[in-house]
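> Input sequences plus hints: build the corresponding full structure.
The UniProt record's numbering puts the sequence shown at residues 1 to 137.
Don't read these hints as lab results, they were simulated from the structure. Think of the CB as a built atom: it goes at the ideal place given N, C-alpha and C, for glycine as much as any other residue. It cannot be assumed that every hint is accurate.
Derived DEER-like restraints, expressed as beta-carbon distance ranges [as the list claims (entries may be wrong)]:
| no. | residue 1 | residue 2 | range |
| --- | --- | --- | --- |
| 1 | ALA94 | ILE124 | 26 to 34 Å |
| 2 | ARG85 | ARG60 | 28 to 36 Å |
| 3 | LEU110 | LYS68 | 16 to 24 Å |
| 4 | VAL87 | ARG23 | 20 to 28 Å |
| 5 | ALA131 | LEU20 | 22 to 30 Å |
| 6 | GLU48 | GLU123 | 31 to 39 Å |
| 7 | ARG60 | LEU130 | 33 to 41 Å |
| 8 | GLY81 | MET121 | 27 to 35 Å |
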Amino acid sequence: MTTSRPGEPSQRPGERGDLLDPRCPTRQLLDRIGAKWTSMAVKMLAEEAPDELRFAELRRRIPGISQKMLSVTLQSLVRDGLVARRVEPTVPPAVHYRLTELGLSLEEPLSALRVWAETHMPEIDRNNQLAAESAPD
Numbered sequence: 001m002t003t004s005r006p007g008e009p010s011q012r013p014g015e016r017g018d019l020l021d022p023r024c025p026t027r028q029l030l031d032r033i034g035a036k037w038t039s040m041a042v043k044m045l046a047e048e049a050p051d052e053l054r055f056a057e058l059r060r061r062i063p064g065i066s067q068k069m070l071s072v073t074l075q076s077l078v079r080d081g082l083v084a085r086r087v088e089p090t091v092p093p094a095v096h097y098r099l100t101e102l103g104l105s106l107e108e109p110l111s112a113l114r115v116w117a118e119t120h121m122p123e124i125d126r127n128n129q130l131a132a133e134s135a136p137d
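Written out as structure tokens, the structure reads:
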């Protein structure tokens, strides 16, 4: 792993980033997609790919998400080029979302993370329970 100092040029192509550096591509990506709502929206849209989903249908499929949070999440995904937005000029407007090719390429690593979580969360939960049981009162 390379390290960088303030004022030094960014990493060279092919070098790994420094997660402690705000300019690190991995850190920048995790800042954008690390939220649970983002990964859930990508998953729902990937399940429909290449078809679209309307805003209301996305909201129904993501338990617990508020209208505002879904709107903010989708705006961010559209801005990053991971999701395409299409508006039908009806009253009220019908807004449709679909993953772009870039967004589709994100589904595989997110899926791998879900598999890891499903495999290892029971162990992590057990470790937390053991730590809580052995913690002094």
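> For each hint, tell me whether it holds in the structure or not.
How the hints compare with the structure:
1. Checking the proposed 26 to 34 Å range against ALA94 and ILE124 shows it is violated: the Cβ atoms sit about 42 Å from each other.
2. Separation of ARG85 from ARG60 is about 18 Å and departs from the stated range, judged on CB atoms against 28 to 36 Å.
3. LEU110 and LYS68 have their C-beta atoms about 23 Å apart, which keeps the hinted 16 to 24 Å range intact.
4. A C-beta distance of roughly 35 Å is found between VAL87 and ARG23, which places it outside the suggested range of 20 to 28 Å.
5. Between ALA131 and LEU20 the beta carbons are some 27 Å apart, a value that agrees with the proposed interval 22 to 30 Å.
6. One distance hint, 31 to 39 Å for the beta-carbon pair GLU48 and GLU123, holds here, with the actual separation near 33 Å.
7. Under the hint 33 to 41 Å, the C-beta atoms of ARG60 and LEU130, about 39 Å apart, fit the expected range.
8. Evaluation of the 27 to 35 Å hint for GLY81 and MET121 yields a pass: the beta carbon distance comes to about 31 Å.
Going through the hint list in order, the structure does not satisfy hints 1, 2, 4.
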